[in-house]
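Enquirer: Sequence:
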Amino acid sequence: MAREGILTAADRVELLEGWLVPKMTKNPPHRIVTRRVRLALEGAVPGNWYVESQEPIVTTDSEPEPDVCVIRGRTEDYSETNPPSEAVGLVVEIAEASLAVDRRLKTRVYARASIPVYWIVDLATRCVEVHELPSGPSESPTYARRTEVSAGRLRLILDGAEVALIDLADLFFPEG
Numbered sequence: 001m002a003r004e005g006i007l008t009a010a011d012r013v014e015l016l017e018g019w020l021v022p023k024m025t026k027n028p029p030h031r032i033v034t035r036r037v038r039l040a041l042e043g044a045v046p047g048n049w050y051v052e053s054q055e056p057i058v059t060t061d062s063e064p065e066p067d068v069c070v071i072r073g074r075t076e077d078y079s080e081t082n083p084p085s086e087a088v089g090l091v092v093e094i095a096e097a098s099l100a101v102d103r104r105l106k107t108r109v110y111a112r113a114s115i116p117v118y119w120i121v122d123l124a125t126r127c128v129e130v131h132e133l134p135s136g137p138s139e140s141p142t143y144a145r146r147t148e149v150s151a152g153r154l155r156l157i158l159d160g161a162e163v164a165l166i167d168l169a170d171l172f173f174p175e176g
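So the sequence shown is residues 1 to 176, counted in this note's numbering.
Calculated directly from the structure, the hints in this document are not laboratory data.
Note that the Cβ used here is the ideal one computed from N, Cα and C, for glycine as well.
Any given hint could turn out to be false.
[Stated by the list, open to error] Label pairs and their computed distance ranges (CB to CB):
{"hint": "1", "residue 1": "S140", "residue 2": "P28", "range": "33 to 41 angstroms"}
{"hint": "2", "residue 1": "E17", "residue 2": "F173", "range": "19 to 27 angstroms"}
{"hint": "3", "residue 1": "P28", "residue 2": "E139", "range": "35 to 43 angstroms"}
{"hint": "4", "residue 1": "G152", "residue 2": "D61", "range": "30 to 38 angstroms"}
Please model the entire structure based on the sequences and the hints provided.
Expert: Okay, structure coming up:
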């Protein structure tokens, strides 16, 4: 659509389930927590993975732009196309105003694409919802396991193995 002039770089939309969906405006807390999550993950992922932020990934019917994601390989591996969902080990959405969309629509999109782990970082409650065991393509795609982490450490799982522990406190603003 950009090639035909229907959309421009200024249009803040993403393709979800075949629909162009407006992207939420990002306020300073969202921007800062996105950066903190990215930095924490960059310090934790093994060398055969990299961390990307707010760039599209490709599924069968969507091109979501997760706030943060962990992708197998190197950025150069995707010089001709955006990374496919099969290369994604983790997607992260930073939620405030977008919480309902992240819990419903984005959960369906990521579960249908069989993305193994999906984190929703909830700015209001300072907790992370960890979604695991995606159903894959189905009538009602979802994740079989949902865990809330509100203190301590998050397990970073890639290819089914724990590769690091991330301190939850490192992701949020200091309280006070």
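Enquirer: Does each hint fit the structure? Answer for all of them.
Expert: Structure-based check of each hint:
1. A beta carbon spacing of about 36 angstroms between S140 and P28 agrees with the range 33 to 41 angstroms that was offered as a hint.
2. At about 33 angstroms, the CB distance of E17 to F173 disagrees with the hint of 19 to 27 angstroms.
3. Against the hinted window of 35 to 43 angstroms, the Cβ-Cβ separation of P28 and E139 comes to about 40 angstroms, which satisfies the hint.
4. A beta carbon spacing of about 36 angstroms between G152 and D61 agrees with the range 30 to 38 angstroms that was offered as a hint.
Checked against the numbered hints given earlier, this structure breaks only hint 2.
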